[in-house]
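Visitor: Protein chains in written order, with the numbering used here: chain A, 17 to 331; chain B, 4 to 374.
Since the hints were derived computationally from the structure, they do not count as laboratory data. All residues carry an ideal CB built from backbone N, CA and C; glycine is no exception. Treat the hints loosely; a few may be bogus.
Restraint-style ranges between C-beta atoms, simulated for each label pair [claimed, not checked]:
1. B:Arg367 / A:Asp86: 16 to 26 Å
2. B:Ile295 / A:Ala202: 49 to 59 Å
3. B:Leu266 / A:Pro57: 48 to 58 Å
4. A:Glu154 / B:Gln291: 25 to 35 Å
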Amino acid sequence: MPVMSEAVHVSDLTRKFGDFVAVDRVTFDVSQGEIFGFLGPNGAGKTTTIKMLTGLLRPTSGSARVAGFDVNREIPQIKTRIGYMSQLFSLYADLTVDENIQLFGGLYGLTGPRFAERRDWVVRMAGLSDERRRLTAELSLGFKQRLALGCAVIHEPPILFLDEPTSGVDPIARRAFWDLIYDFAAAGTTVFVSTHYMEEAEYCHRLALMNRGKLIAMDRPIALKQALDEPILRLETDNTPEAVEALQQTPGVIDAAMFGRAVHITVTDESTAPDAVRATLAAAGRTCESLERITPSLEDVFVSLVRREGGAVIG
Amino acid sequence: MSLSRLWAMSRKEAIQLRRDPRSLALAFLLPMALLLFFGYAISFDVKDIKMAVLDQSQTQHSRSLIEAFERSGYFRVVRHIQRYDDTDRLLGRGDVRLALVIPPRFSQDLMAARPAPVQLLLDGGDANTATIAKNYADAIVARYSVTVLGGGAALTLPVEAESRVWYNETLESRNMIVPGLIAVIMAIIAAMLTALTIAREWERGTMEQLAATPVHRLEVVLGKLLPYVGIGLVDVTLAALAGVLILGVPFHGNALLLFGMTLLFLIGALGLGIFISAAVKTQVLATQVAMIVSFLPALLLSGFMFSIETMPIVLRIFTYLIQARYFITVTRGIFLKGVGVQTLWIEGLAMIVFAIVGLTLATRVFKKEIA
Chain A
17 MPVMSEAVHV SDLTRKFGDF VAVDRVTFDV SQGEIFGFLG PNGAGKTTTI
67 KMLTGLLRPT SGSARVAGFD VNREIPQIKT RIGYMSQLFS LYADLTVDEN
117 IQLFGGLYGL TGPRFAERRD WVVRMAGLSD ERRRLTAELS LGFKQRLALG
167 CAVIHEPPIL FLDEPTSGVD PIARRAFWDL IYDFAAAGTT VFVSTHYMEE
217 AEYCHRLALM NRGKLIAMDR PIALKQALDE PILRLETDNT PEAVEALQQT
267 PGVIDAAMFG RAVHITVTDE STAPDAVRAT LAAAGRTCES LERITPSLED
317 VFVSLVRREG GAVIG
Chain B
4 MSLSRLWAMS RKEAIQLRRD PRSLALAFLL PMALLLFFGY AISFDVKDIK
54 MAVLDQSQTQ HSRSLIEAFE RSGYFRVVRH IQRYDDTDRL LGRGDVRLAL
104 VIPPRFSQDL MAARPAPVQL LLDGGDANTA TIAKNYADAI VARYSVTVLG
154 GGAALTLPVE AESRVWYNET LESRNMIVPG LIAVIMAIIA AMLTALTIAR
204 EWERGTMEQL AATPVHRLEV VLGKLLPYVG IGLVDVTLAA LAGVLILGVP
254 FHGNALLLFG MTLLFLIGAL GLGIFISAAV KTQVLATQVA MIVSFLPALL
304 LSGFMFSIET MPIVLRIFTY LIQARYFITV TRGIFLKGVG VQTLWIEGLA
354 MIVFAIVGLT LATRVFKKEI A
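Whenever a hint applies, use it, and build me the whole structure from the sequences.
Guide: This is the structure:
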């Protein structure tokens, strides 16, 4: 009997496409009931990892167990025990809400009263009680995604894989979607979710940062931010790109990067750096509208970790 | 293999089919249109061939030869010309297919019991019609000669062939075309309809969701196959009814046998379509490949249009790989000859082989790996 304390156990998992190493010796564990996040830019290897764990893609080397079953040898057992939702909406747009639910209920082997009960649950959960006979194509993206989630968990799987589930939906729908994810986790479901939204990453219990196929850090979001010991300054100026360029050369500045309209500057010493920054700006003829120390965001952590690895962020 | 998953797939496929006007038209309108089009418009029979006559003899003899042509039913004299040069113009423009030139000395030669040549000029642009027209004309001239030899009375030749055509007594090409056409239509429908089915799932991204469920690939292939088998059987019924009731084609055989054979044929043809769809993964390409590997061979190499016996040896060997070849033998046999399993079992066996190969290919190539 497989031991179920670890929902997912991954060891040296690797996938190559020709010479390109999409996932490079990744190792981690996910415990039962945990919301485990995969954060990284597009092309970092998040989706490839998820596809290997859901049996959609064969690993080139390494091993992984999902719900106690081996992804190299026991894919059929894994597929009955997981729910999977891909980053693209992948229900049938030309079927109605009910017909989609019926299809996936059938594919997961639900019949009779149990199917009826689960179908009603999915409809209620997705908030589509009055839209059951509508074509899925006519629903808004937020509702489509809730329905896709419902179809993915219709068989009540212990482990749920969500590959960038909220890409493209508005922040309110995204928040509502995360409320559902918390409900699943509270009920004991393990949730494995990938994202490139930093704010979304903050919702996860534990976070793995991925870049260029490698796992570069893994911890609770708060711990990741606390571990970043270099101070970060936030600057507002009149010409952000030029300021970034000028600041790259300033002594005491490790890195300067654009964050929306502002510049985040990683410095060696919090006491001397502000004066050096102001001097550089003045010399370059740029204004300094505000300059303050901030708590690093996950994005700062990510950028800083990638820089330490000596690589560039792709995506 | 789970029946509930198979049923879920089939049901979903049937619903999608029902909502897709393009597939519906392909499934039901195209066969009827093709059947009526081929049945009415295309005929391999040669009748009422237009001909011109240059009668330089202007005698009783020459007039009765011309009359013999007209009476045959194969020719219709549309022009009487005066100058030899006119034949060139009329044949060149395609106004007539054949010109008969009777020289001035025709009657004298006949009376003197000398050979009396007449000239037949044929438009060889359509070699098929020209050959048939030439055979008819030769026969008419020969029969006329016999009459002349007998001095107008019937003369019996020592040896005479009494020919009788079996199975299609009136030699109507329509009777050959319609049963053959049913086979061709089935080949087109099967490959074209299914060519879209898996490629569409790849293009729309639904394949990924499907692949993440416990559904087995054989369940996907069979589940997709079932609704199309249903359509195929409805089509063959409609086409047979239209052939018999509207086009007047005889049906001598057993309808159940036709259904059984159609089922075998469909499994192979649909399997091939699904194989193509799964292999190329885009709808446009799948449609094109399906046209090339199913429709064209079914039309050209199955014996439907061109007789297999007269093909070059390389093509003839190749026709054994064309599934429609066997099905055409079956439909023609059942419609025209009323033959049963004892005659058609070889074709049945061949189609079982195709069905197994088709399903195996479709299932094999259909990997659930999503890169």
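Visitor: Would you mind marking each hint as holding or not holding in the structure?
Guide: Hints, one by one, checked against the model:
1. B:Arg367 / A:Asp86: 16 to 26 Å: holds (24 Å)
2. B:Ile295 / A:Ala202: 49 to 59 Å: holds (57 Å)
3. B:Leu266 / A:Pro57: 48 to 58 Å: holds (54 Å)
4. A:Glu154 / B:Gln291: 25 to 35 Å: Once the Cβ atoms are compared, 32 Å apart, the range 25 to 35 Å for B:Gln291 and A:Glu154 holds.
Hint compliance for this structure: no hint is broken.
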